[in-house]
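Chains A and B, in that order, are what the protein sequence lines are.
For what it's worth, the numbering used here labels the leading residue of the first sequence as 1, then goes sequentially.
For what it's worth, the numbering used here labels the leading residue of the second sequence as 1, then goes sequentially.
No wet-lab data here; the hints were simulated from the structure.
Ideal placement from N, C-alpha and C gives every residue a C-beta, glycine not left out.
Be a bit skeptical, because a hint or two may be false.
[As the list claims (entries may be wrong)] From chain A, some residues computed to sit far from chain B (all C-beta separations above 12 Å):
no., residue
1, E15
2, H25
3, D37
4, F45
5, N49
6, E56
7, R66
8, D77
9, R78
10, Y83
[To be verified] Calculated pairs, SDA-like style, for lysine to any residue (alpha carbon to alpha carbon, straight line, at most 20 Å):
no., chain 1, residue 1, chain 2, residue 2
11, A, K84, B, E74
12, B, K144, A, L2
13, A, K84, B, D73
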Amino acid sequence: MLLIHCPYCQEDRPELEFRHAGEAHIARPADMAALSDEDFERFFFIRSNPKGVVFERWRHMHGCARFFNAARDTVSDRFLKTYKAGEPKPDLGGEGR
Amino acid sequence: MVDAAARISPLDGRLFQDEGILVEPAVPAVRLALRAPSAARAALSKALGIDLSQRPKASAVHGARAALWLGPDEWLVIDEEGGDLMAACGTVTAFHSAVDVSHRNTALLVSGRRAADVLSAGCPQDLSRGAFPVGAASRTVFGKVEIVLWRTGEEAFRVECWRSFSDYVFMLFEAAARDA
Numbered sequence: 001m002l003l004i005h006c007p008y009c010q011e012d013r014p015e016l017e018f019r020h021a022g023e024a025h026i027a028r029p030a031d032m033a034a035l036s037d038e039d040f041e042r043f044f045f046i047r048s049n050p051k052g053v054v055f056e057r058w059r060h061m062h063g064c065a066r067f068f069n070a071a072r073d074t075v076s077d078r079f080l081k082t083y084k085a086g087e088p089k090p091d092l093g094g095e096g097r
Numbered sequence: 001m002v003d004a005a006a007r008i009s010p011l012d013g014r015l016f017q018d019e020g021i022l023v024e025p026a027v028p029a030v031r032l033a034l035r036a037p038s039a040a041r042a043a044l045s046k047a048l049g050i051d052l053s054q055r056p057k058a059s060a061v062h063g064a065r066a067a068l069w070l071g072p073d074e075w076l077v078i079d080e081e082g083g084d085l086m087a088a089c090g091t092v093t094a095f096h097s098a099v100d101v102s103h104r105n106t107a108l109l110v111s112g113r114r115a116a117d118v119l120s121a122g123c124p125q126d127l128s129r130g131a132f133p134v135g136a137a138s139r140t141v142f143g144k145v146e147i148v149l150w151r152t153g154e155e156a157f158r159v160e161c162w163r164s165f166s167d168y169v170f171m172l173f174e175a176a177a178r179d180a
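Just need the whole structure built from these sequences, with the hints factored in.
Structure follows, in structure tokens:
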């Protein structure tokens with residue numbers, strides 16, 4: 001079973017306790033009403049979905065229930081790093097390509 | 001005329017005993033789902049007479065009362081002697097949220113030499129004594145349901161689950177005890 005490090009519980013926990021929660025670091029526009037339909041579509045629906053390293057939100061649903069962010073490689077399914085919500089994107093160095 | 005609906009414990013009379021394992025329902029208890037920022041922690045600890053720990057997986061016991069760490073701002077408070085936890089929290093003016101979940105949850109007591117092995121049939125966490133020592137408590141899963149697991153002794157666990165799931169949890173223990 002895949003083990004995921006929860007930054008709030010500060011330990012590796014089984015993947016069954018976690019839920020994926022979409023792409024991370026998507027800034028909500030300050031003035032939503034002023035957005036054009038095209039810009040709103042881009043913010044709301046369009047995701048990068050790359051092959052390789054992605055930054056995602058995860059939730060420790062059946063643990064501390066907290067949302068946090070993770071850098072994960074979609075090819076190897078390996079978690080490179082997890083960090084608390086609100087923290088900046090980490091520098092993954094060589095690992096992040 | 002019926003005065004009041006009789007409240008029946010969901011696992012009333014159930015008991016499972018096998019080689020090295022005993023599963024029995026816990027006595028009814030008062031329970032509180034407590035959410036509070038760190039600014040209110042000291043005041044709430046004082047009002048409840050129990051230390052709300054900030055350490056992950058930690059638990060605190062004082063008499064018949066226990067507080068289990070569930071998240072950075074969340075605790076499950078259990079009182080087996082029917083203490084009025086809501087009234088105690090009501091005296092605290094600092095911002096917090098306290099919800100009485102006494103009748104939402106029920107609990108099973110699992111004990112015996114094979115307790116950890118049988119639990120591991122449905123719980124994916126590392127239950128070895130190093131990773132999950134006596135006193136450790138955590139929300140996790142058991143089979144298909146969410147539970148709060150608390151190690152109360154070397155070979156004793158308390159399993160808190162939602163009342164309506166308790167039959168499933170009990171039967172999964174029976175099945176697991178046959179196989180584990």
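We went through each hint and held it up to the structure:
no.	hint	result
1	E15	8 Å, violated
2	H25	21 Å, holds
3	D37	39 Å, holds
4	F45	31 Å, holds
5	N49	29 Å, holds
6	E56	20 Å, holds
7	R66	6 Å, violated
8	D77	17 Å, holds
9	R78	19 Å, holds
10	Y83	14 Å, holds
11	K84(A) <-> E74(B)	17 Å, holds
12	K144(B) <-> L2(A)	18 Å, holds
13	K84(A) <-> D73(B)	14 Å, holds
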